[in-house]
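S.K.: Chains as they are written, first to last, in the numbering used here: chain V, 1 to 321; chain B, 322 to 646; chain Y, 647 to 980; chain R, 981 to 1281.
Some hints could be false.
[Said to hold, decoys possible] Straight-line alpha carbon distances no greater than 30 Å define the calculated DSS-like cross-link-like pairs of lysine-lysine that follow:
id: 1; chain 1: Y; residue 1: 741; chain 2: R; residue 2: 1169
id: 2; chain 1: Y; residue 1: 740; chain 2: R; residue 2: 1169
id: 3; chain 1: R; residue 1: 1169; chain 2: V; residue 2: 3
id: 4; chain 1: B; residue 1: 586; chain 2: V; residue 2: 227
id: 5; chain 1: Y; residue 1: 663; chain 2: Y; residue 2: 740
[Claimed, not checked] The following residues of chain V were derived to be distant from chain R, with all beta-carbon distances above 12 Å:
id: 6; residue: 85
id: 7; residue: 151
id: 8; residue: 220
id: 9; residue: 261
Everything labelled a hint here was simulated from the structure, so no lab data went into it.
By construction, the Cβ of each residue, glycine as well, lies at the ideal position given by its N, Cα and C atoms.
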Amino acid sequence: MLKYVVRRVLYMVIAFLAVSLVTYFLMKAAPGSFLAFNQFLGGITAASINLGVTQQLMQELVKEYHLNSPWYVQWWSYVWNFLSLHMGASFEYPNTPTLSLIRQTFPISVGLALMSITVATVLSIIAGVVAAVRENTWVDRGTMLVAILGTAIPAYVIAVFLMLVFGVWLHWLPVLGFKGIQYYVLPVLSLALPMIGSMGRYMRNSLMETLHSEYIVTVYAKGGSLKNVVFGHGLRNSLLPLITVVGPQLASLMMGTVFIENMFGIPGMAHLFTTAASMRDYPLIMDSTLLYALVIMGMNLIVDLVYGFLDPRIRKTGYAG
Amino acid sequence: MDHPVLHVRDLHVQFVTDTGTVNAVNGVNLQVKRGSTVGIVGESGSGKSTTMMAVMRLLSTGARIGGQVDFLGENLLSLSKKQMRKIRGHRISMIFQNPSTYLNPTKTIGKQMIEPLLYHHLASPAEARRRAVQLLGDIGISNPEKRFDNYPFEFSGGMLQRMMIGMALLSRPHLLIADEPTTALDVTVQAEILWLLKKLQQETGMAMVLVTHDLAVAAQVCDEIYVMYGGEMVEHLPSEMLLKSQAHPYLQGLIQSIPKLSGEKGRLPYIPGQPLGASANRPTGCIFADRCAYRFERCAERPPLLQLGERHEVACWKAGAEVSV
Amino acid sequence: MTDGAPRANPVPLAELKRMTKRFRSSGQEVVACRDINLQITKGESLGIVGESGSGKSTLIRILQLLIPPTEGQVYFEGTDLTRLSARRLRTFRKKIQFVAQDPYGSLFPNLTIGQNIAEPLEIHGVGDRRSRRELAAELMETVGLSLYNFHSFPHELSGGQQQRVAIARALALYPQMIVLDEAVSSLDVSIQAQILNLLQGLKEERELTYVFVSHNLAVIRLMCEQTAVMYLGRIVEQGETERLFTAPSHPYTRALISAIPAFTEDGVTPLGKSVQFVTGVSGSKQGGQGCAYHPRCPFATSRCREETPELRTLESAHQVACHYAETMADSVLQ
Amino acid sequence: MALKMEELEDRQTRTYQILSQRRSTFALRWFRFRKNRLAVVGLVLVVLLVVAAVFAPIVAPYSYTKPNFLETFKGPSARHWFGTDSLGRDVFSRVIWALRSACIVGFGAEAVELTVGLMIGALAGYLGGLVDNILMRIVDIVYAFPSFLFSIILVMLLGHNIWAILIAVSATSWVGMARVVRGQVMRLKQSGFIESARSMGAGNWRIIRRYLLPNSMGPVLVAVTFGIPANMMTEAGLSVVGLGIEPPTPDLGQMIIDGQQAMFSYPYLMWTPALLFAITLISFTFVGDGMRDAFDMKGKR
């Protein structure tokens, strides 16, 4: 088990470095990249005026990001600054360190994501169990149709309809801004619905497969009731595979927050990133990409470890088959 | 006291599927006497397992069951679901073909083993555990106290089947149904399990039904044998008569087509054609007629089970005629 | 044919010499076959029996060089197959064909029955499209399949018919030897008899030599002149089938014969008599000192625990790996 | 030859009646697909939408660029089914053209993913060992990328044209396909018929081409049907965050976001493109669902 964790962490380190390298080179290759930035130091480009960067600040930036040094020094300085939490000034917000920008925005995104995933998990388990137990009745079909719709429609389209119904037509909930708990409802719902779709369906199919498996026949042969079957055997065994889809779900949840924060005007991390991207604020892009990569990998590792702990075959023999 | 423990009368099982109705079992009659071992033998698709699953009412909701299943004077088919639950795992236990797929892989052996006692409120968890550990030891599992907390994947196939047998007997049932209990096991383990089953059956005095495709296994273990073909019972005979006095042409052909461990060996005689699948259209006459060498006009009419002797019945006009004349 | 006359050609059809196969799985080494010497003479089909994990599947796969041996040589008609290049090995593949346990799984699900049977011809570029189809149709008749099924797909056939297709496919290249891995064990008794009858006929007609893996001893007795018994990667007894079954000289062979339910001329073998299986000490234990079978052997002595018995020849090419083989053979099997 | 070919052909023609009753593999799959009614509805809609997108120049009643300042913000009517926008452009025409970009990216990116995924997945699955290990580590790394952020960066670099978006969309999503193919190949590699093929003397290339790939097509096709709408989602999503195709080329995501600006005064500008987009995506999903039924991938029922 320990060996497995060490190996996984090692892969994580390699993947992290690879992500940083690729991102670094992409940004270097971009038009208006570091090189162009260097040229700017000699002259003046239109972009720099827009950015409002003064000559003096520029020199600080050059120093901080080693813009005159070879590529690997530049790359490493990025990674090192990120890891040691010395994330420096961004191009767009020269007076605010990236770290404090992230500090302001990251908790908002995380909160949004956590709320959504909690709502989604709870609702999808309930929907999955109800549908599986009432297999092939209208309850099952109805639940699953809603689930398919949820999977098929992206968060930003769901958001549109939620905004129209609850904001524009019914005037129940605010659709823009971020000032209180009621502002969370629509964004969380927009993010959770697609997840409920895929997770609920997965839960239903997984529980149904369990309910049709041979060891359930044994439970009935022992005199077990449906309650014994579902809560004593089925639920536990079908929650196990559900854990494995939480990882990929998180990745798509992250993608969802990008839209949702933009559409609802929520000052979160994803919103910050898209602004940075359209402004070509490289330090900020780099740092937030690395942070997201770290979060995804970390979550995947946790999911795998939890799975390994819950499955006795892996827990006892130590390898994932 | 010659009441049979289990008396199946004219049992029918139909499965309604998208592609049509499948007649899996057609009018099966069967008696299991107290303390006896009855074998149900047949090829795949003959309906032997379906018959016993119907007795336990463990078939999926798509199955239609007709007839009568008397167990200790009670018709199981007329019981409510809840009443039936009280019989399963308490009065009648069942073990299955492949112990490794018929056990929950994520629950410990012990927890699964004591479930029959807990479901039927026959013992407290602590008492159930004590009894289970003792039984595990009795059926030849060493270090049962420790083994109790193992998971199924930590057991070998033979040990799992022992544990399944132990689980089935924990509630001291009147009847044990063993559905191909050794088919998935290794050849040498098979003997162990059969021997254990026979021993426990004799010790407890319970009745046992052994469903198997292997005539030799049935002959070794059972007192009486029922032979099924195409969802029907074609012959019923004491097992010592199996090799010499079988009457139905199907059973005769089957016995001849089994290679023997001694005696002459030449080209193997065999029954031509395919066994009648459950989904195939059933002939109105004798179901074996189209593969039968002794077929004559009367076979267009379905033969009933004809009494040939004591505990010997056959569903064949020819075999029946020879005796009754 | 010529009884008693000395054989003119002493080169065996197939031969394994000091063959050992080790696998590495999750850091542990498993010896699947250990130091195996085996000769298969043309026309003398060989049966291989043993529990699962005894190495019989590995042995027959090495015999066809589907997997390479770790040590030792594999000869076919005097040529060492282990030294051949992949291209030259292909020509030898024509002479050895394989029929697997699961007929459905071994047929190409995306090809029709006709295409399946013609596939080996196509792989080796034998004939043209037309002649291959003709031969496939002919083979279908040979194995007793209706031509109606020429354009069917494997999943539309019953298990018995599928096994007939697999046999027809194995016959397509006129092989010398066919390796059958539990080829009839998944079939119903009446179908099994049909296939065995077919195999008996083909053996006579085409002068085939079978290597027949089965746990059904009566089937082996019917099909094979020679039998080898395997236990934990070794051959523990080998010899003429009839002799081996009537006077088994290794305690494991005796245990096997008494453990497997079978019919004899006048009844059924008694249940588990004279078998003393020790639960818990199953086949997993390997290596170490002494005879591999001694933990399960009721006749084991201190010598068995210390000294590994070599496979040695008793009379008339009967080989046994047991220190007390002579006494075993003398005591009549109950 | 004992049996002449003519004889065989003759017998075959006689057996055609029987054969025609027998279900071929394709017919069986079509039968299973058809039983899923939603899948059939989805298929019809997908065909309609794709045809509309392909023939957008003919189908669209108006130009998608030309402004008409006399007819701005007209609600849905017989003349303008989906109304007109702030510049008086016909929303229906714009939606049809936007569908065209969505289809180009949806199908185009899927083609890229399929090619890359098939190659990498088949190679890794078939060769196994070191090759598999290296390729799968690469896949793991790509999997760790925050894929949407990565797409955003790529579009930022490559420009806001449709080809850049196509590359940005497929850059990380081939990983899923590679995993599906690898899983299939690994599973089939264990199967009896591959062992049979080897024992007959078939070479590696033949094994991959004739046995492995044809038999792993089911899950791959299903993945493709689900992949196309996913690509469309990413494409429109890029527009939602302001990194899509450059105006005036219409784009569904862009139209939705533009509509959001005016959602209180002219809600139809938001919901008409959103509704059409939702219908498109749902149709593909229904088809994918039916494909799953057709290839019997839900396990035993």
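S.K.: Looking back at the hints listed earlier, which ones does the structure fail to meet?
M.R.: 4, 7 and 9
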